[in-house]
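Colleague: Residue numbers (the numbering used here), protein chains in the order written: chain A, 1 to 170; chain B, 1 to 170; chain C, 1 to 170.
Any given hint could turn out to be false.
Note: identical chains are not told apart, hence a pair may lie in one copy or across any two.
Unchecked claim - Keeping only pairs whose Cα atoms sit at most 30 Å apart, straight-line, the calculated DSS-like set for lysine-lysine is:
1) K3 <-> K168
2) K166 <-> K3
3) K59 <-> K3
4) K166 <-> K59
No wet-lab data here; the hints were simulated from the structure.
Chain residues, written in single-letter form:
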Amino acid sequence: MGKSILITGGARSGKSAFAERTVLALGQPATYIATAEAHDDEMQERIARHQARRGAEWKTVAAPLALREALERSDGAGPRLIDCLTLWLSNLIHAERDWDEETDALCALLPKLTAPVVFVTNEVGAGIVPGNALAREFRDASGLMNQRVADACDELWLCVAGHPLKVKPQ
Amino acid sequence: MGKSILITGGARSGKSAFAERTVLALGQPATYIATAEAHDDEMQERIARHQARRGAEWKTVAAPLALREALERSDGAGPRLIDCLTLWLSNLIHAERDWDEETDALCALLPKLTAPVVFVTNEVGAGIVPGNALAREFRDASGLMNQRVADACDELWLCVAGHPLKVKPQ
Amino acid sequence: MGKSILITGGARSGKSAFAERTVLALGQPATYIATAEAHDDEMQERIARHQARRGAEWKTVAAPLALREALERSDGAGPRLIDCLTLWLSNLIHAERDWDEETDALCALLPKLTAPVVFVTNEVGAGIVPGNALAREFRDASGLMNQRVADACDELWLCVAGHPLKVKPQ
Chain A
1 MGKSILITGG
11 ARSGKSAFAE
21 RTVLALGQPA
31 TYIATAEAHD
41 DEMQERIARH
51 QARRGAEWKT
61 VAAPLALREA
71 LERSDGAGPR
81 LIDCLTLWLS
91 NLIHAERDWD
101 EETDALCALL
111 PKLTAPVVFV
121 TNEVGAGIVP
131 GNALAREFRD
141 ASGLMNQRVA
151 DACDELWLCV
161 AGHPLKVKPQ
Chain B
1 MGKSILITGG
11 ARSGKSAFAE
21 RTVLALGQPA
31 TYIATAEAHD
41 DEMQERIARH
51 QARRGAEWKT
61 VAAPLALREA
71 LERSDGAGPR
81 LIDCLTLWLS
91 NLIHAERDWD
101 EETDALCALL
111 PKLTAPVVFV
121 TNEVGAGIVP
131 GNALAREFRD
141 ASGLMNQRVA
151 DACDELWLCV
161 AGHPLKVKPQ
Chain C
1 MGKSILITGG
11 ARSGKSAFAE
21 RTVLALGQPA
31 TYIATAEAHD
41 DEMQERIARH
51 QARRGAEWKT
61 VAAPLALREA
71 LERSDGAGPR
81 LIDCLTLWLS
91 NLIHAERDWD
101 EETDALCALL
111 PKLTAPVVFV
121 TNEVGAGIVP
131 GNALAREFRD
141 ASGLMNQRVA
151 DACDELWLCV
161 AGHPLKVKPQ
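Chain A extracted, bound-state conformation (with noise of 0.2 Å):
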């Protein structure tokens, strides 16, 4: 079974930087499993400003939704990672499908992988409650999928201002 990592901190906490650093030190080739679409300029930015930084060693995959399929395809070639959870998550709920389900699904996949795995996610309920009941839906799903996540993995980091603690094992 490949180690899983499960990286989370809040925004520009240098998460990605670390999971790449993390999955470049358990093997090469690795690929990249986007879970981003680039539905409006800002995206778009963000995405090429995430690739520009990963270099030749990454082949790069896009995921929106099956993330589970891309993890099956891609297992026996290497680590993974995945960036991130909160936007496969937020792509989930947008396309109407149950992510309560899918989550258990990709947690009951991973003992069944070869490759590692490592995912990116966000801490997104650190702030004062949100005003309209969606994001407070959003925050409450982030936050029961992570912990699902978190338990299915073997490693919990949490990156504060580019450096990682790790949270499990303790």
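Starting from the structure of chain A, add chains B and C where the hints point.
Modeller: Then chains B and C, alone, in the frame of chain A:
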């Protein structure tokens, strides 16, 4: 003097579940002191979900405002879980009570209790500065209350994606 | 080269108080470099509260923008506390200065200083994604600035409910 523990974290970071495990490990029967008031459906549903997770080993008491009285009355009959201080603060402010004095009185009570107490609270200050002054005031009050209760407690834990990080004692 | 320390945390997490203790432990007299500008009553009241907590062992200097100059001028005369980088960033953006270049120049200055420096900054990226683009940009800029200053500093601490967690060095 009973041990006192403060557990903090963002929304859906696993604080309540960790607090429940911690309380049951401290002894039984346990008393659950709920500070929530079921004003609307969303909150009622949340309370019901929390109650369903807890089993028959819990006695439930409601204390939206009179938290000290609930702690004094339940003292000596096993550990107590207070879930949560953020709602208590919100209730005090809505009732136009002096949260500052109430917090000091709560902290002064702790060394006099004989049975253990586990408090749950929330991190609400790590997002962008809220646009309205009321939200900023609540965020400030929450942080100040958390600091004072953390000072008065023996232990302080931060929950991240369902996993506890010990902050105090180091 | 003087030791450099970055202290981060959410609003009212005890960053300033911990920073003040840290600075006084590094030597005296200490210089307090304030980046706040007293634009309105709320901010004026906050500044007054901070000043009241500090004692006579502090010299206070205002540097809403010219932070590097303040660090150079005060170098050699005991430790400095910069409170806080988030307001400095906000001031730079409002003055239409290039925060990116200013941050690089600040980091480049650190190894040249002889007296210690303790920076306070804020976690603003762990809430729900803000609805307006300006807030998202500020949140991104804050996180990137924090990462770079953390890289340049010898130590990084995260404050949680008034208690510091060491993030770097591990």
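Colleague: None of the hints should be skipped; say for each whether it holds.
Modeller: Each hint tested on the structure:
{"no.": "1", "hint": "K3 <-> K168", "in the structure": "both (13 Å within a copy, 25 Å between copies)"}
{"no.": "2", "hint": "K166 <-> K3", "in the structure": "both (15 Å within a copy, 25 Å between copies)"}
{"no.": "3", "hint": "K59 <-> K3", "in the structure": "within (20 Å within a copy, 41 Å between copies)"}
{"no.": "4", "hint": "K166 <-> K59", "in the structure": "within (28 Å within a copy, 36 Å between copies)"}
Against the hints set out earlier in the document, no violation occurs for any number.
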